[in-house]
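Each residue of the sequence shown is one higher than the one before, starting from 1 at the first, in UniProt numbering.
Keep in mind the hints are simulated off the structure, nothing from the lab. Careful, some of the hints might be misleading.
[What the hints assert, rightly or not] Okay, derived cross-link-like pairs now, DSSO-like style, lysine-lysine, Cα gap no bigger than 30 Å in a straight line:
#1 LYS183 x LYS159
#2 LYS270 x LYS200
#3 LYS182 x LYS44
#4 LYS56 x LYS44
#5 LYS93 x LYS165
Remember, predicted model here, so these are calculated numbers, not experimental data.
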Amino acid sequence: MNEQTQHIKKTLYAQSDDAGTRIDQFISAQFPDFSRNAVQQWIKQGAVKIDGHNTKSKYILKGFETICLAVKIEQSVEDRPENMPLDIRYQDKHLMVINKPAGLVVHPGSGNPDGTLLNGLLGLSEAQRMLPRAGIVHRLDKATSGLMVVAKEAECQLKLIDMLKAHRVERTYFCVAKGCIKKPGTVETIIGRHPSQRTKMAVTTKGKPAVTHYWPTEHFKNFTVLRVQLETGRTHQIRVHMHHLGHALVGDPVYGNKNRLNASVDGELKTIIRAFPRQALHAHKLAFTHPLLDKQIEVTAPIPDDLCHLLDDLHDLDRPDAENDHFEVEYAE
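Could you put the whole structure together from the sequences, leaning on the hints where they help?
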């Protein structure tokens, strides 16, 4: 298809703690929707200047430099616009919040050349087609349902990326985990690629800091319903952290063994849990200050039917002990 041209003009300021960082790494961290190779091409083309001068990708920041970007991006779309019904829970002229169903892939890739959220966004308008990644600023796994904020214009997209990096978007999830989690807690680790299984993430010594807060909201005999809040947004973060705690999410095909259940789980419930087709995880609330309108935005998405049915089965077949009856489920409004 035809290529669309997008211009990015932005000034960045290196701080003292950026000293020792390569310029391509520094810029890549500010623009997570673009690969490091793409950033290196910008530098090679002279689209990045440090204190008014051209630079090289291997330049090491000393701190307090002024970095100016004037980047021209050609967005080709082999990614075809598609007419796709999207559940838009909030929108204005700058951004929208979409409730992504489980099973919908966010970006085209190997095995998913079309039929993705990006294709659906490209089909919304000409303006959406002009944006890098059709305005997408973060992602959810294919099997995770729930809310995603999407930009409708370039300035808003850059500001949303900055807000996510600065942890100024409150992302709250609903999930069902194996086992008994009696108290709220926080998991703070490093998450990186699994050392031998490269498609998986893991708690490692090399990677990026990851912080997850969690609160039990309903307690069954063998399972716990949790409200989870992300402080950071690493790949598979909630799934990795729950596995790390020894409480993998129900239905997780990567970090949880579907056949490994407590002996006390009812036989009928064992069949239901083992057949649950996805990780029991739903992004049910987004809250943030609008980057351009300076007003508070709070959007919720109802718990989807498959998770509601799972809860009904747990109520019927995995009743909690009497002392735990004070826990209540928090449903999205």
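Tested hints:
1. LYS183 x LYS159: Roughly 36 Å between the alpha carbons, so the hint for LYS183 and LYS159 is violated.
2. LYS270 x LYS200: holds (26 Å)
3. LYS182 x LYS44: violated (54 Å)
4. LYS56 x LYS44: holds (7 Å)
5. LYS93 x LYS165: Status holds; Cα separation ~23 Å.
Figure legend: structure checked against the earlier numbered hints; hints not met, in rising order: 1, 3.
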